[in-house]
Amino acid sequence: MGNSPDRLALERLTMFACNYLLSGVEEDTTVVAAADAQNYAQKLGITRDMVVQELGWDEDTDDDIRADIEDASGAEMVDDETDEVVDAILLWWREGDGDLADELMDIVSPLADDGFVWVLTPKTGQPGYVDQSEIAEAAETAGLTSTSAVTLGGWSGSRLVQPKTPTKQR
1 MGNSPDRLAL ERLTMFACNY LLSGVEEDTT VVAAADAQNY AQKLGITRDM
51 VVQELGWDED TDDDIRADIE DASGAEMVDD ETDEVVDAIL LWWREGDGDL
101 ADELMDIVSP LADDGFVWVL TPKTGQPGYV DQSEIAEAAE TAGLTSTSAV
151 TLGGWSGSRL VQPKTPTKQR
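Residue numbers (this note's numbering): 1 to 170.
Rather than coming from a laboratory, the hints here were simulated on the basis of the structure.
Do not take every clue at face value.
[Unchecked claim] Distance condition first, Cα-Cα at most 16 Å in a straight line; then the derived EDC-like pairs of lysine to aspartate or glutamate:
(1) Lys43 to Asp62
(2) Lys164 to Glu95
(3) Lys123 to Glu134
(4) Lys123 to Asp80
(5) Lys164 to Glu140
(6) Lys43 to Glu95
(7) Lys43 to Asp71
(8) Lys43 to Asp64
(9) Lys43 to Glu70
(10) Lys123 to Glu95
From a predicted model like this one, the values you see are computed outputs, not experimental measurements.
Taking the hints into account, I'd like the entire structure generated from these sequences.
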């Protein structure tokens, strides 16, 4: 195809469109293509109107993850002072934060029967990293089951759920 008139016209049109779209963007702004943007809330199963409790926040937590969860749920996350039943708990956890099993036992009381806990820990090799096997062991001790894992930026997430209660036999 080389430099055919159609190809040159398409290249000019593409350049014009890019320049037009970027004309309102400040010089120091980073532009991320929509296809490359992370949808953290979707990976975590957070949807509109869910009540999400956030625990373990610190200076190292990922504000992009937090903002995406709040955008998806349509509300700010609640803290440990809430009296609400929560659909999901987001627990930022690092090596050295204490006993994870004890923490999990302490935090599940406001969790809805079909709710879930996400334990987020720094990725492998990062300061504060907690191995998945340690999370699974702590979950079992706390009466929870580890069901899946995801990577979210610089964090790894482990999804924990309460066991299903068997239905009564007739």
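The hints, checked one at a time:
1. For the proposed pair lysine 43 and aspartate 62, the alpha carbon gap of about 15 Å is at most 16 Å, so the pair holds.
2. About 30 Å separates the Cα atoms of lysine 164 and glutamate 95, which puts this hinted pair outside 16 Å; it is violated.
3. The suggested pairing of lysine 123 with glutamate 134 holds, with an alpha-carbon distance near 14 Å, which does not exceed 16 Å.
4. Pair hint lysine 123 plus aspartate 80 does not hold up; C-alpha atoms about 25 Å apart against a cutoff of 16 Å.
5. Only pairs whose Cα atoms come within 16 Å are accepted, and lysine 164 paired with glutamate 140 is accepted, the gap being roughly 14 Å.
6. Among the hinted pairs, lysine 43 with glutamate 95 is inconsistent with the structure: their alpha-carbon atoms are about 24 Å apart, more than 16 Å.
7. For the hint linking lysine 43 to aspartate 71, the alpha-carbon distance of about 14 Å falls within 16 Å, and the restraint holds.
8. The hinted pair formed by lysine 43 and aspartate 64 meets the criterion: a straight-line CA distance of about 13 Å does not exceed 16 Å.
9. For the hint pairing lysine 43 with glutamate 70, the CA-to-CA distance comes to about 14 Å; that is within 16 Å, so the pair holds.
10. Note on lysine 123 and glutamate 95: the hinted pairing holds, with a Cα-Cα distance of about 12 Å set against a maximum of 16 Å.
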